[in-house]
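Trainee: The residues making up each chain are set out below.
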Amino acid sequence: MGTSDKPHFHHAIKFREDICIGCSHCMNVCPTEAIRVAHGKALMHPNRCVDCGECYRVCPVGAIIVEQDDFEEIYKYKNRVALIPAVFTGQFPDSVAPGQILSAVYELGFTHVFEVEEGVDFLSGQFNNYLKQHRDVKPLISPFCPAIVRLIQVKFPTLANNIILLKAPIDITALRARKTLSESGLLPEETGIFYVTPCPAKIVAVKNPVGEEKSVIDGVINMNFLYNKVYKILRHKKDLKEVEGAVPLSQGAVCWSLTNGEASHMKQGRSLAIDEINNVIEFLEKVENEEVDGINFLELRACDESCAGGILCPGNRFLTADKLRKRVPGNLRGAVKKDTGTKNEMNAFLKDNMKLEQVIPRSIMKLDDNLAEAMIKMKRIYELNRMLPQVDCGICGSPSCKSLSEDIVKNEASLKQCIFVQRVMEQNEQLDSSDSVNIMREIWSDKKLDRNILKDGINDIN
Amino acid sequence: MQMHFEYSVEGGNFSQAGLTSSQVKKTLKQLNVNGAVIKRTVVALYEAEVNIVAHAYGGTILVDIDEEKIVIELRDEGPGIEDIGKTMEIGYSTATPEVREMGFGAGMGLSNMNNNSDLLEITSEVGKGTCVKIINHFKDDNNGNK
Ligand SMILES: Nc1ncnc2c1ncn2[C@@H]1O[C@H](COP(=O)(O)OP(=O)(O)OP(=O)(O)O)[C@@H](O)[C@H]1O
Ligand code: SF4
Ligand SMILES: [Mg+2]
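Protein chains in written order, with our numbering: chain A, 1 to 462; chain B, 1001 to 1146.
It should be emphasised that the hints constitute simulated quantities derived from the structure, not laboratory data.
Computed from a prediction, not measured in an experiment: that's the story for all the values here.
Fair warning: there could be bad hints in the mix.
Claimed, not checked - Derived DSSO-like pairs (lysine-lysine); straight-line CA-CA distance at most 30 angstroms: (1) K267(A) x K132(A); (2) K410(A) x K41(A); (3) K377(A) x K1039(B); (4) K1133(B) x K366(A); (5) K138(A) x K1133(B); (6) K1069(B) x K379(A); (7) K377(A) x K1128(B); (8) K267(A) x K78(A).
The following block holds chain A by itself, in its conformation from the complex (with noise of 0.2 angstroms):
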């Protein structure tokens, strides 16, 4: 499949051709109608594409993979920083401590360990600072979720204002740790910083940010990975020593991940949280519209349950997000000194460092940058469109008869994929029977139109 538009973003989510079965399960799930199927194989339009992992999620075989960075890239560095958001310690049997699972990971090889969420307490007071601010956009959208951030870019562009500019937890928790580290006399070019991911979205927020040149973080490790490995050690170790005197992380703090996790932190007027990408979908239609009135802010994330419900996470969403909500407050990490005095330089500096530039919207919806163009090709695309039977059955390797209608015009595809059509010329004698057959082998492959698995199969049955 060709494509004219070079592409915008970089992504995490890869297709392992050498594994799909060209199923097209993930093609009738994507949310931005980014997955079409041609020569048996799934295919992705980048452009399209938010990283969102439904894909992941339906892939009946494993051939949706989410890329990572070399465990090993973290003895490129002396000073070795983990950060954890606190859905990890969510994913572990309540016999198991927090502070276990930080002295595992120390264990696997890192200096440093701070959990994501020590930025949350800051962070709110900013936010709803810049509530306050700009009472004049409504609602304000969370820039939280990644998955969601690219959503609007691609699909909802006039939204692409309604976006808060201001950075999220990792990015603050990553900026406050490479400062004091700095600070305590360590070299900053001898500092990595790891981030432990629950989703390819966040990875590609690393990799390629929105609003910002580049990210201050310097790699990502996947959570079902780190997760295997702590896992292994606690395992090995029962009588794992937990490290101690943990500085309190709020209870507040520990769920800003879970759904309404922010909202519930927001004081000028009316919050609201909705997860899962289908109903922010539906939603965002409707603020679209105007017809969603007096609501000044938006948490919107991909994953149902939220980042419990991220496509790397080992455990169950329900029973992280119940296990988050019910955790002692306090965090993994060894005491820090208080001293208010560099707690407000670190603020200052926060405050600096925190601001996001614009949200660009890049419009997957637009059929031609020139109106004329875009009209001439949407007349063909409802001409097309008609004679087609609207069944969606995604046999042509696109997700509808109105995205082939679409293909067509882009000149992506062609009508005779349609199998209707084919069957329709067939009787008018514009197509004979083998051609019908090789449309199809075109698209599913030589092997799903193999005529001998069948006829075996067939004749045994009769």
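The hints should help you fit chain B with the ligands onto chain A, whose structure is shown.
Mentor: For chain B with the ligands alone, kept in the frame of chain A given last:
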């Protein structure tokens, strides 16, 4: 280049109110119309559409788009409007208690429509129906300077 669309609206059916605005919004997004113009158009159209649902028995929405502008005509069968000048006043509303229960009836609709269209024309025949015409131009400089 000209495009024409027609939609029908059912009076009293609030669950369907906004459907036409949604469709028109999608079309304008696909045509890569300036975001601010899309917003204005959708706001004006939505208010007009809800007015048919809230105050009339039913109607048709005709949408014509060319390279310069969008022209929307909402024709309804309904009670009509006696004093159009009065309905333009902020806060004037004859909405029934049921309509108010649905969250409408603040009397803001028409002034909102007025603020979000380059041209707004209302004609009405009492006892028969109302026709609302909205025109918005796609060029930026037509924004709001009425
Ligand atoms: N299509 C229509 N048919 C008959 N009367 C109408 C129609 N549209 C508006 N009106 C009259 O004009 C009044 C003012 O309309 P407007 O849209 O400004 O306010 P509203 O619909 O009453 O409340 P709101 O729009 O704030 O929910 C209505 O209460 C109604 O009496
Ligand atoms: S909700 Fe959380 S885990 Fe899911 S995509 Fe967004 S940031 Fe990632
Ligand atoms: Mg009204």
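Trainee: State for each hint whether it applies.
Mentor: Going through the hints against the structure:
1. K267(A) x K132(A): Holds: K267(A) and K132(A) sit about 9 angstroms apart, inside 30 angstroms.
2. K410(A) x K41(A): 20 angstroms, holds
3. K377(A) x K1039(B): Judged against 30 angstroms, a Cα distance of about 23 angstroms means the pair holds.
4. K1133(B) x K366(A): OK: K1133(B) and K366(A) at ~26 angstroms, within 30 angstroms.
5. K138(A) x K1133(B): 28 angstroms, holds
6. K1069(B) x K379(A): Measuring from Cα to Cα gives roughly 17 angstroms; hence the hint holds.
7. K377(A) x K1128(B): 39 angstroms, violated
8. K267(A) x K78(A): Since the Cα atoms of K267(A) and K78(A) sit roughly 42 angstroms apart, the hinted pair is violated (cutoff 30 angstroms).
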